[in-house]
Amino acid sequence: MQTLPSTQRDAVRRIVADLKGRPGPLLEVLHAIQAAIGYVPEEAVPLVAEGLNLSRAEVHGVVTFYHYFRRTAPGTHTVSLCRAEACQSMGAERLADHAKRRLGIDFHETTADGQFSLEPVYCLGNCACSPAAMVDQQLYGRLTPESFDALIASKKDSG
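Residue numbers for the sequence shown follow my numbering, so the first one is 472 and each next one is one higher.
The set of hints was computed from the structure by calculation and includes no laboratory data.
Just so it is clear, CB atoms sit at the ideal spot from N, CA and C, and this is done for glycine as well.
Be careful, since some hints might not be right.
Stated by the list, open to error - For each label pair, taking beta carbons as the anchor points, the in silico distance ranges come out as:
(1) Lys-627 - Thr-535: 29 to 35 Å
(2) Ala-621 - Gly-492: 44 to 50 Å
(3) Asp-577 - Ala-506: 20 to 26 Å
(4) Arg-484 - Asp-568: 41 to 47 Å
(5) Thr-478 - Pro-616: 38 to 44 Å
(6) Asn-524 - Pro-616: 46 to 52 Å
(7) Arg-527 - Arg-572: 34 to 40 Å
(8) Asp-577 - Ser-629: 19 to 25 Å
(9) Gly-596 - Arg-485: 30 to 36 Å
(10) Glu-580 - Ser-618: 18 to 24 Å
Sequences are here, hints too, so could you generate the full structure?
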């Protein structure tokens, strides 16, 4: 196991110290770590466990149970595809299959060049414009495989 860089280790310790007095702080701590670092590194698990007086297994179990928590560093761009029913009825499955092929990755993965991470999301609230996606916090609707390709091309190398 690698060790965390000191800046990340300090951030994890600070987050745990700031939040450990709250009721049931584990989820809040993990969300804060992901917000600060971009993901929850495996090396943070023992620090969180020790700081919250939990077992490593408890912390690891929560990190791996919830799909929201990333365990690897995200790509430069995060592509979130809606998987909810309205989008499914308008071709989201076809779009997801295309996106996976186009990017060469599956959900919860990052392209080898570190440019794109692909994430499923369950409803973006853009049901009237299905299928929908969010790229870098920007919402897009009525996507087709062709418009998806154009969107990816516009983001590529624009770190």
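Checked hints:
1. Lys-627 - Thr-535: 29 to 35 Å: holds, 31 Å
2. Ala-621 - Gly-492: 44 to 50 Å: Given about 49 Å between the Cβ atoms, the range holds.
3. Asp-577 - Ala-506: 20 to 26 Å: holds, 24 Å
4. Arg-484 - Asp-568: 41 to 47 Å: Holds, since Arg-484 and Asp-568 (Cβ atoms, about 42 Å apart) stay within the stated range.
5. Thr-478 - Pro-616: 38 to 44 Å: holds, 40 Å
6. Asn-524 - Pro-616: 46 to 52 Å: The hint (46 to 52 Å, Cβ to Cβ) holds, given that Asn-524 and Pro-616 are roughly 50 Å apart.
7. Arg-527 - Arg-572: 34 to 40 Å: holds, 37 Å
8. Asp-577 - Ser-629: 19 to 25 Å: Hint holds: Cβ distance 24 Å, inside 19 to 25 Å.
9. Gly-596 - Arg-485: 30 to 36 Å: holds, 33 Å
10. Glu-580 - Ser-618: 18 to 24 Å: Because 22 Å falls inside the window, the suggested range holds.
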